[in-house]
Amino acid sequence: MKFLIEIKKCFLSLLSHFFLTAVFLFQSVISTAELNLPDTDIQSNSYLYFQYDAKGKEADGSAYQVLKIRTNNTAKNLSEFDSIEAYCRKSSRPGKQDYMAYRVPVEKLNNEYYVKIKSGNYSIFDVYVSGNYKNNTYVAQTVFYLFGDGLKGSTGKPGLVKLPEYLPVFELTESPQNYWPQTGNEFRFLCRVPEGSGSIKQMIVIIDNKKVSRIFTDRNGKFEYIPAHDIKLNKGGTSSYKEIILLNSINRNGKNYTAAFNLLVHRSRTAFLNVKNGAVLFTVSIIFFTAIVLIKRRTFKYK
Amino acid sequence: MNNKSSRGKTGITEKIFKKTIDEYDCEIESLKKRDDYSPVFDYFLNTIKISLFPENGRKNRVNPLAGILCVQAPPEILHALGVDSIKLCSGSIYAQRLSSDMPVLMCPVLKSLAGALRFHNSAAVSPDCFIIPTSCDWVVKLPEMLNQELPEVHFLELPHIKENEKSQSRWLEEIYGLKDRLETLSGKKLNKRNLRDSIRKFSDAWAEFNMLIEYRRKGILPNIWFTVIANSFLQDDIEKWTEHIDIVLRKYKQDKNESTDSRVFLAGSPVFFPNLKIPLLIEEAGMHIIADDICTCERIFPGAVCCDDMTIHGMLKALSERYHKACICPTFTDNERRVNNILNTAGTNEIKGVIFHVLKGCHPYDIESITIEKKLKERGFKFLRIETDYTKEDSRNILTRLEAFKTTL
Amino acid sequence: MIGRIRIVTQHLMFIFLIYGGRAGIKLGHSLPCFACPYVSGCSGHCYLMALQGKWGFEFAVADLFSYEGFRVLLYFAIFIFLIILLSKFWCGWICPFGTFQDWLAILRKKTGIRESEFSWKTRDGLKKVKYVLLAFLIIIPVLITYAGLHSDFSLPFCQICPAKPIMPLFTGNVDHFALDYTNVITGTFSALSIIIAAAIIVGSFFKDRFFCLFCPMLPLIQLFKKISLLRFEKEADLCSGCGNCHRMCPVDIRKVSDERSNKAVMDEDCILCMKCQESCPEDNVLSLKFLKYRIFLTSRKYFIRNNRS
Amino acid sequence: MGYNAGIDLGSTAVKVVIVENKEMIWRQARPTVPGQEALAMGMLEEGLKETRKKRSEIEKIAVTGYGKNLVKEAHTVIDELSANAKGAFLLSGGKARTVINIGGQDIKVMRFSPEGKLTDFKMNDKCAAGTGRFFEMAARILDVPVQDFGSLSEEAGEPANINSTCVVFAESEIVSLMAGGAETGQIIKGLHESVARRILSLTGSTSLEDDIYLDGGPANNSGLVSAIEDELFREVFVFPYCQFTVAYGAACSVLI
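Chains as they are written, first to last, in our numbering: chain A, 782 to 1084; chain B, 520 to 928; chain C, 19 to 327; chain D, 168 to 423.
Just so you know, these hints were derived from the structure itself, not from any lab.
Here a beta-carbon is modelled for each residue, glycine too, at the ideal position from N, C-alpha and C.
Any given hint could be a false lead.
Claimed, not checked - With a Cα cut of at most 20 Å, we get these calculated DMTMM-like pairs of lysine to aspartate or glutamate:
1. C:Lys307 - C:Asp255
2. C:Lys319 - B:Asp723
3. B:Lys685 - C:Asp142
4. B:Lys896 - D:Asp315
5. A:Lys943 - A:Glu1005
6. A:Lys1057 - C:Asp193
7. D:Lys289 - B:Glu897
8. A:Lys982 - A:Glu955
9. B:Lys707 - B:Glu671
10. B:Lys775 - B:Asp765
11. A:Lys1077 - C:Glu253
12. B:Lys893 - D:Glu376
13. B:Lys894 - C:Glu253
Unchecked claim - From the derived model, a few chain C residues whose C-beta atoms are all more than 10 Å from chain A:
14. Tyr37
15. Gly59
16. Leu125
17. Ser172
18. Ile212
19. Phe224
20. Leu238
21. Leu247
22. Glu253
23. Ala282
Unchecked claim - Chain A regions said to be covered by chain C (calculated; three or more residues, Cβ under 8 Å):
24. 840-853
25. 1044-1055
The following block holds chain A by itself, in its conformation from the complex (with noise of 0.2 Å):
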C-alpha cells in the first residue's frame, strides 16, 4: 500500500514537472532571503578583493585567468594604496598546502588593478594580493583551477619566495568537488593568522557587495560554509557562476588585517536532480513505447 502511494507520488510530481520547471523561471527569490544583521566593525571596514575577470585559452593551449584586483570602497583608490604584491602558490589538491609561493606581477590598465595567471597544465592555484593602506593590511585571496593542456607544461621553476608572515589567509581544507565548487556544496576553511594574532572566531560572507551572513568557527575552529542555491544560477548556462566573499579581521598592534577570499560558485549539478521521478518516466516510457509496438507493428495479414 505504501509503495503504491510512494509510486502516485512520483508520478504527480511528474507530471509537475514540467509545470515546474516553468515556474522556476518566474521565481526571483527563494532560497537566499538575505540576512539583515547589524553593521560591524568588520564590515564598515574597507576590503580589498579579487573579481574574476577573462577566462579563457591561449593559441598554445594554456590556460589562464584574470583577476581584477578591487576594492569595496570606491572612495578608496587602490593607487593609494601602497606596495600592492600578488602571490601565486600551485598546489595539487585543497588541504595540501605549503607557504611557499612565487610572486606575480600586478599589471594595470586604465586604473585598473589585475594579475593573469596562466598554466599549461591542469593545476589548481591559490592567489593573494596584499596591499597597505594607511595603517591597515588588505589581502584578497581566490583559490581556482586551471585546465591548461598547452605544448609548454610548465614555465620553467619560478622563484619560490615565503609569504609575508603578516597576511592571514584563508585555507579550504575540504571541498566536496574538486574543481567545479557548486551551489550546496560544503566548504569548510582554516583561517591561519600571523602570530600571536589570537584567532579569528567569525567571518562574514558577503554576496554583491551585501552582508548576507555572519558565520563561526566550530569547536575544531573551522568554518563550515554552504552556499545557498540561487534561481539565477540555475537559469544561467552550464558555466554561469557567482563570487562569494568571505571575509575577516582582526587587529594586531593597533594594526588591522582584512582578508577577503573569493569564493567562485557554478549552480548545483545533483540538487535538483530527481532519480526517482525519472525512473517513473522511464517505466512509463518503456510502457507506452512496448504497447505502441505492439499495437502499431505491421503484422503480416493473412485470411
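Fit chains B, C and D to the supplied structure of chain A, relying on the hints for placement.
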C-alpha cells in the same frame, strides 16, 4: 484398381497405364544396362516410379499425401506438417494419350501430367491435395482442362516480379495460405520446432545434393545418373533420399577428376524421367553435360534457407523469399540472373557450349531462348537451341545437330 | 564461425571500453563508436562528444591556426585514422552500445517474439533522421558560441543520446536517469533523454540494432568509405538474388541483395557484422578486403558448414 | 598421292565421290534404297572401275549422312554439317561464309569462320517442309519431272499463291490450284516462293553473311535459286556439283 470412373473408360485407362509402366520399366532397364550403372542407383530408379503409384508413397503410413508441381512451393512446410509429397512432373509419352482431348500445342510436360493425373484419379489412392504454383499458363488452366477431375488443387499465385515489396509480401501471403491449407489437411499445427527441423533436414539434403553437383562438375558422376537422382527428389522421404545420396557420394569419393572435353551446359525446359531423350542424345553425340539450370535437375530445390528470426513468421518469410527471389524460372519478368548463372557456371567450369532445350509449347522457355541466345553469343559461347517434344522420331535430326554442335566447340 | 568470433570480440571490447579506464587505459576522445564518456572509468570516448564540444567546430573556427586548432584537427585526424583502419568494424564489432542492443535482440530471440519489420518506404525514410541529428549536433554548438544560444544547449546530442543514461548503468550509475529540475532546458533535455532511452530499449528489443538506424556516427564514417582500407564489395553478376543477406542483415540493407551492377554495396547503415557474408550461399559474391588482403569471401562450402545441423 | 573417297548416305540419295588431292575426280548419286551401305560400296567399286584405280589406292573412306554409322569400311565418320561446311568452303575457294543446304529431309544453314570452320548453324525440326521431299511430292502431283521445275518457273508469269509449306497441306492446295486452271509453271513458281520463305524464316535474312552459297540436290533448280535471291535480297551462288558438296567435304576432311 479403379472404383471411381466408369468401366469402359477404365479399360483404356488401364491399358495406357500399363503401357506407361512398361515405358518406365523399359527406360529403367536400359539405364541398368549402362556401363556406369551401379546398384547404388537402384533406390532412385525405384522411387522415381512412385509418382505412378501414389499409394506406394504412403504404404504403411497414415500421412496425407500432396502432389507438388514446380519448384516455387516450399516442401519444407509439407514435411514439417507431416504431409508426404510426390513430385507431379511427368515425362511419359504414353500418359499423353490420356490427355489427347487437350490442346495440340500443349506443353508435353503438362500434357503428360494431365494424363498421369487421370491415372491418379482412377487409382485407389490419389493425392489428397495438389499444390501448384501458377508458373505458366498451362499450369493455370490444367485443372479446368481436366474438367474438375482433380480432387483438390491449391494454387499458389506466383508474383512474376521478384524484387519489389508488394510481390514479395504477396508471395508470403501465398505461403501463409499454403500453411493454412496444409494445416487443415494434416490436422496438425505448424510449430517452431517442426518447421525448424524440417528446414534443417532440407538444408542437409541440399548440402549432399550440392556435393553431387560438384561431382558432376568434375566429371566424376555421369550426368544421366545425376538427372535420375534429381528427378526422384520428393518422391520419397527426404531423409531417405539424403541417405542414398550419401551412399552415391561415397561410391564416387575415390574417383579422380576425369578431364572431359566437350563440356556443355544444358539449359531450358524440364527433363523428367522417363523422357531422358535430350541428355542421352547429347551423350551419344559425345558431349558431357557438366551443369544445367533445369528445374527438375540442378534447380530441383534451392536449399540454403537461413534466417535470423526463428519464429514461425521469420522462417516462413525465409522460405518464401528463398523459393521466390532466387528462382530463375523464365516465368518471371526480369530474369537477368538466369543468364548470369549460365555465364558464371560455364565460365568457371570450362564449358564452351550451351544447349537450350525447348519443349514444344513450353512458352516461357521458348520466349527466353531468344534473349539468352543473344546474350550468350555476345559473350562468345556456342549456343544450340533444340525444340522438341517427347516423341523420338526426331532423334536422328537432333543427333545430327548435336554432332555438328560438338565440332563447333 | 564468424558470428562466434564476433560475439566474443564484442564482449571483450565491451569490457575493455567500459571498464578499461580502471586499468589505466586511455584511448582518447576520438573513438568512432559509442564509448560513452559519461561512464566513469571508461577507456575511451565517443568522438561525437569531442565534435560537439571542446574539440569540435566551436573551437575549430576561432583558432584553427593555433595549438588549440591543431588539437581540433589532431582529434579529427585520429578519428579519421581509426575509421580508415577499421571502418564500420567499429559499429558491428566494437561499439559497446551496439553490443547492448545485440543483447536485447538475443533476449527477443530467446523469448520467441518475432522481429518487427519496416515497410521499404519507412525504412528508406528513417535514413534521413541521422543526417538531421548530425546537422543539429554540428550547428547547435556553433550557435552557442556565435549566436548566443543558451549554454545549456551544449552537447545537445549527448544530452539526448540513449547511451548516456544506459551505458553508465554498467558501472552502477543511475544518475542519468534522473529528471533535472535545474531549469526548463535541462528539465526538457533530461526528460527527452529518458524517453528516448526507453524508446531505443523497446525499439532494439523488437528490432535488431534499432538505434543504428539513427546513429549520426554512421554518416561520419561513411564520409571516409572511399579512402578506407577496408573494402566490402559485391560481384553482382555472381549473385543469385536469394535474399538471404537482406533478411539476415540487422539493419535491413536491401542493396546488398538487390544490387545488380554496382560493386560498392557498403551502405551508410552497414555495420560490417558480416552476417550477409555468412548467409550467402554463392561463391565469391561478397568480399571483404583489407588493402589487397582478403578477409572473407563468401562461399557455398562455408555456408554449408555454417548451417549444418 | 593417294585417293580418298567420300560417301554421303542421305535421306533421299546416296552420293559417292572420289577425290584426288582436293580434286573431285569422280562422282555419282543414286536414290536411297534399303541396304544403302551396300549400295554405297557398290557405287564406290563402280567409281574405282571407271577411274581405273585399285581399291588399295583409296587411302581413306569418309562417311557422312544419316546412315553414316552403317558403313563398316569407313575410316572416318563425320557429321553432315561439318562435312558440308568443309566441302562448301573448299569448293568456293575459301570465299563462302554462309551455305544453305537443301537436303532431302532438312534445310541447313551454316556459317563458318574464315578458316572454314563451322561456327554456327540452323536446322529445321522434324518437319520436312521446304526440302527435297516437298519438290518430289509436287512433281508427282503436277506430273512434271523435278529437273524441269527450273525452266518451267522461269517461263511462267505471275506466281500462284501457295500459303502452305507443309507437304500435306501444300498437296491439297496444288490440287485445288490445278482445278482452278492455274498453269503448271505458275504453280511451280509459287512453290519456289513458298520454299524460299520457309528458308528465310529459318535464317532470318539479316543474320546471313555474304557470300551465300546454295547446295544440295534442289539447288540445281534455277527457279528456286532466283526465288531465294528475291527473298534474301542478295545474290546467291550455286556450286557446279551442288549435290556432292557434302560427300566431297567428307572426303576432304580426311586430308587435312
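Hint by hint, which ones does this structure get wrong, listed from lowest number up?
Of the numbered hints given earlier, those the structure breaks are 4, 5, 11, 17, 18, 19, listed in rising order.
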